[in-house]
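Student: Protein chains in written order, with the working numbering: chain A, 1 to 593; chain B, 1 to 593.
Treat the hints as calculated values from the structure; they're not laboratory data. Mixed in with the good hints, there may be bad ones.
Put simply, identical chains are the same to the list, so a pair is met inside one copy or across any two.
Said to hold, decoys possible - No more than 25 Å apart at the CA atoms, straight line, and that leaves these computed lysine to any residue pairs for SDA-like:
{"no.": "1", "residue 1": "Lys178", "residue 2": "Gly415"}
{"no.": "2", "residue 1": "Lys579", "residue 2": "Asn555"}
{"no.": "3", "residue 1": "Lys15", "residue 2": "Ala592"}
{"no.": "4", "residue 1": "Lys178", "residue 2": "Ser190"}
{"no.": "5", "residue 1": "Lys482", "residue 2": "Ala587"}
{"no.": "6", "residue 1": "Lys65", "residue 2": "Thr419"}
{"no.": "7", "residue 1": "Lys538", "residue 2": "Ala592"}
2 protein chains.
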Amino acid sequence: MAYKAPVRDFAFILKDVLDIDRYSNVPGFADASFDLVSQILEEGGKFAEEVIAPINRAGDQHGCKWDNGVVTGPPGWKEAFKAMVEAGWPALSTDPEYGGQGMPRVVATAVGQMTAGASAAFSMYPGLTHGAYEGIHANASQEIKDRYLPKLSSAEWGGTMNLTEPQCGTDLGLIRTKAVPNGDGSYAISGQKIWISSGEHDFTDNIIHLVLARIEGAPEGVKGISLFVVPKVLVNDDGSLGERNGVQCAGLEHKMGIHGNSTCVMVYENARGWLVGEENAGLKAMFVMMNEARLGTGLQGLAIGTAAYQHAVEFAKDRLQGRSLTGPKNPGGPADPIIVHPDVRRMLLEAKALVEGGQMFILYTALHADLQYAQEEATSQKARDYMALLTPVVKAYLTDRGFHVASLGMQVHGGSGYTEHYAASQYLRDARITMIYEGTNGIQALDLVGRKLAANGGRAIMSWFAELDAFVAENQSDAAIKPFVDAVASTKAKLQEATMWLMQNGMQNPDNAGAASTDYLQLFGVTALSYMWALMAKAAQARISAGDPDPYYANKLQTGRYFVERITPDADAHLAKLKTGAEVLMAMPAEAF
Amino acid sequence: MAYKAPVRDFAFILKDVLDIDRYSNVPGFADASFDLVSQILEEGGKFAEEVIAPINRAGDQHGCKWDNGVVTGPPGWKEAFKAMVEAGWPALSTDPEYGGQGMPRVVATAVGQMTAGASAAFSMYPGLTHGAYEGIHANASQEIKDRYLPKLSSAEWGGTMNLTEPQCGTDLGLIRTKAVPNGDGSYAISGQKIWISSGEHDFTDNIIHLVLARIEGAPEGVKGISLFVVPKVLVNDDGSLGERNGVQCAGLEHKMGIHGNSTCVMVYENARGWLVGEENAGLKAMFVMMNEARLGTGLQGLAIGTAAYQHAVEFAKDRLQGRSLTGPKNPGGPADPIIVHPDVRRMLLEAKALVEGGQMFILYTALHADLQYAQEEATSQKARDYMALLTPVVKAYLTDRGFHVASLGMQVHGGSGYTEHYAASQYLRDARITMIYEGTNGIQALDLVGRKLAANGGRAIMSWFAELDAFVAENQSDAAIKPFVDAVASTKAKLQEATMWLMQNGMQNPDNAGAASTDYLQLFGVTALSYMWALMAKAAQARISAGDPDPYYANKLQTGRYFVERITPDADAHLAKLKTGAEVLMAMPAEAF
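Just chain A, same shape as in the assembly:
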């Protein structure tokens, strides 16, 4: 079957729930009326369905080929990439100063979800390119910006992020790649980087690597790391391409999934690089890209889940097997389609409730990325707080759930799903990486409880709790959406209890915070999606109350009911688990494992 871009869902969220026309005084929104955005969604959906989705399976089956440093993408990928660049999609939300269209982030996020749903591995090429764009845009000198941003904005050139080395993944303080000043303002970069997504390919004439390295004599640890821009091909002052730089792809990683993306070992040998931002401030600069990438990873995990769900629905409607427990529903056929069975519906609704709730959560968060630039400081501060607070939840909760949905999708297929004849296996394998890269989900949980909760005296979480409380107060007498409002009140109360527990016990012993972190993040995710579903339920109910006969709205409420009834009970389990503390984890001697 074909991937179907969820244009309708995004339109509902952007118009009925978030009502983006309200924000015309926020930068980027003046030219982004919903009417225009709606056309962008339609066109983006069409492009994802017609150009990207058809090449996804070939990526899995053929992968990338390495030959003496030259990497060739899967059949059809170069052409699709060029079509994407020509259509202007990579520049949708980039800075007009560098050739971008300046659309709000929330719009680009919706389009990005469709790209990732059509092909997750493919979406990593423009995704990493955009990350490099952001890293340079936020940190680099004007000269570097002028030199690289226009072609990164359009994705005429690719971009990458080079952090990991064999001895350091999570712990970037261990980086050994070194940078020696050349005396002309450039540095000679030498070292080995691994797991570099999109590190080398044949889609673009140049690839701009952002590389973390240690300047000779810099302090030990994370305080001695600097960020450099290292082009694959040196760029002359007139913008033309010059000599090949001293960077090579030494090999490709063999991975469980995302075969269409080239995961490269990159070797830098006296490659010329230029400092991005200040000396020894590389980690801070890189975090701009990492936050970007973390939201993108959450989006990707969920988007794979969306595609996996669609395939499972198609299979469940087609596959005839067994009879309904309440009597034949397809009496003329040899059996009923398996979608008649309650347990098959349970799997599909679990997927649907997570996917649609997750889509809302992604766009809600992306809207706050835009609102960071609002003129009123209160709005801007709240948006910055939310972005910091919600990024690890978006990344970890939505990738965990995306993988869960992909696994449900396979289960609906039965044995067929385990064969490579169907797409279910690719979705499961592709989705699994999203729980790991851009900071494992355990690292996200530590970031949430160790940094984000406490920042500014807990201002972000208190502000978010206040928003939920206000929603509950405002809507608690609305009988039509009472279960949704109750779910927000109830999950929020549990998350608040968990937060208090963390404050009391994490201070006493930091291991308590570490021990509670994953369950806390999961509880946060359940609470956030309860709120997302309540926002959607309110909007859908408003349409119904206004007499809109489209069954879309009643079905939205029905899907949300699944979330309330069948997913929110996990909140209690997470709360109970996290309150057991660190002792049960830390008492076991390492040799007893």
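Place chain B on chain A using the hints.
Tutor: Relative to chain A, chain B alone:
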């Protein structure tokens, strides 16, 4: 790293917890003193570690090759299979009348776990062979038994089960393969079977297929299905091999995992077959093999989890990354091993608690397989009841948890786990099939709530509840194991409440039973493992109280504490979910998915 057979765990379970020496009056146990069994475990563990485990990766990487109907296994597999046959492992628990060693099922199950942990795909060759042995042993005429059983018992010949056809997996009533009497007592079998594990290979001189087919003129549906034995090579009356029969492997399935096992499309064209059991009673006969296979699948899923856990522990002890939240634990090194981090320990302990609890559950169930043959009818009846009741729980809960553990194992590895350089990916991919084959886990849940609970007026579940109640009553004043006893009482109360809910609501509307089935099975699994952990805690505490200084027992209690504190809270969530009923699932129109 190398797979380490959990010999010590099995010895603890068989001696300290189950005390198998108690059963010397039960068939098979007279010659199975624990002293002898302990040697068997040692030797079985050695064989798994030294002969089977080393070929596991090659199976994943090379898979099986098909060439014009001839299937060749991965490098080294034929040799390992022959070594296994020569060492006599397949005949460990088979009937001495056919050359078997007649050991209890519980002993063979422990050894089988080690084989499957060393290589799940490999274990399917002897596993399916044993299934065919069981199917013939339980149902066939003496002539057929004499002809096939000795060589199936030893695994000099392979065996298979042929159920699935393209149009029928779960719904065997749709089978089309036909059988036409030849007039000489044999039948001409024609049709296509798919997904036949171990269907063709180069390990043995003959392969004995058990095939479900429809005799010409038989009734429609499951009441017209018969079971046939169809050898790949016809067997002469003197036992020598004759002509090739009309059965061919038409191709291999490309699968996400278990690449070392040949998953075959089998084409039967007037193949000669002989009826096993009565005409049109094939499904009942096949169920003997299917129950066998279901326990074996639960065992396999858990065994893969065991191996995945071991690899994760090794990685977590070796990988240096970051510092402990409470100060450096490896101050002389560049970083601490990641096993110092609470969230890494959470993942490892979750895995360990599930694996060790699951091992106990497998052996507890297998012991009841043996006790079915006890002389006292009360013991035998209870054992038969338990086997029927627990088989779907063992199959579904332990394979779900096995996959979960394999996924945790990958997560502990971080990015390394996603590359095919480590074994984590193979374990994840291999484990996933166990949730699907031999009846999807959804089918197991329906079997549990739809058939097993209600059989004989609910005798089995009431008997099992009585056992748990008796345990609680007997041990509730034992302060040393109080948390374990409380967990049994608490989870059992929830399972009982769920059972009452099912009785009341499933009768009114069968969709309520279907809607509750998976959460009911999961709740059953949590309850069963709570009980298993309580049994192990009691045995470990008895050793400690008797002054045994081995830290194994204290560590066992510590692992069990994790289960009580961090896994039993799921029981509440499952209960809350299942009580929401079918309406939320069934109200959604199919076209709205």
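Student: Each hint should be assessed against the structure and marked as holding or not.
Tutor: Here is how each hint holds up against the structure:
no.	hint	verdict
1	Lys178 with Gly415	between (51 Å within a copy, 23 Å between copies)
2	Lys579 with Asn555	between (37 Å within a copy, 22 Å between copies)
3	Lys15 with Ala592	between (56 Å within a copy, 21 Å between copies)
4	Lys178 with Ser190	within (5 Å within a copy, 69 Å between copies)
5	Lys482 with Ala587	between (45 Å within a copy, 19 Å between copies)
6	Lys65 with Thr419	both (24 Å within a copy, 16 Å between copies)
7	Lys538 with Ala592	between (52 Å within a copy, 19 Å between copies)
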